[in-house]
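Participant: Sequence:
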Amino acid sequence: MTGNLLVQNAMMALPNGIVEGDLRVVNGTIHTVAPNGGLVPKDGEFVIDATGLHLLPGAIDPHVHFRDPGNPEKEDLESGSRAAASGGITSFLDMPNTIPNATNRMELESKIALASEKAVTHHGFFIGATSNNVADLQSIEGMDGVCGIKIFMGSS
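Note that the working numbering has the sequence shown beginning at 248, numbered continuously upward.
Hints in this document: simulated from the structure, not taken from any laboratory. Among these hints, one or two may not hold up.
Cross-link-like lysine-lysine pairs, in silico, DSBU-like; alpha carbons within 30 Å at most [to be verified]: (1) Lys-321 x Lys-289; (2) Lys-289 x Lys-397; (3) Lys-365 x Lys-397.
Here are the computed distance ranges between Cβ atoms for each label pair [claimed, not checked]: (4) Phe-293 x Arg-329: 14 to 20 Å; (5) Gly-401 x Ala-306: 26 to 32 Å; (6) Ser-378 x Asn-256: 55 to 61 Å; (7) Leu-361 x Val-280: 29 to 35 Å; (8) Gly-392 x Asp-296: 33 to 39 Å; (9) Gly-334 x Glu-292: 35 to 41 Å; (10) Val-273 x Ile-307: 34 to 40 Å; (11) Val-266 x Glu-292: 43 to 49 Å; (12) Met-353 x Ala-281: 27 to 33 Å.
Given the structure is predicted, the values throughout are model-derived calculations rather than measurements. Glycine residues also receive a C-beta, built at the ideal position from the N, C-alpha and C atoms.
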């Protein structure tokens with residue numbers, strides 16, 4: 248995400264409590280947090296007066312079922328991540344039960360590559376454990392974009 252933004256006079260949820268202040272975003276990244284305010288707008292910056300409003304950190308949705316690949320007409324990585332972002336979700340963790348299932352390294356790499364093109368938020372993916380994919384599970388240890396292993400306790 249890109250863009251320059253200044254949020255002024257917001258009640259900001261910071262590690263030490265809620266304080267009134269300003270927040271500056273430069274090229275889509277938080278650049279300055281000013282707990283007592285006083286940031287002056289710069290040329291080309293979109294300014295929001297957040298008087299009376301709260302500014303919260305982005306949330307993480309740890310369990311989503313986007314249907315990409317296989318059934319993108321239901322909800323794909325782009326539409327799902329855009330909907331999440333509109334509600335304040337800045338990261339999602341997607342489950343492996345897509346078509347095909349993300350139960351091997353190749354399918355997982357494909358899903359991660361697709362998300363890199365389509366998703367508008369941060370993302371991570373679970374690989375599904377099966378009775379015959381131990382080697383795949385071992386091969387993804389430490390792999391970028393992988394957040395965990397989903398174990399299904401019954402057949403579905």
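Participant: State the violated hints by number, sorted upward, taking the hints as numbered earlier in the document.
Facilitator: 1, 2, 9, 10, 11, 12
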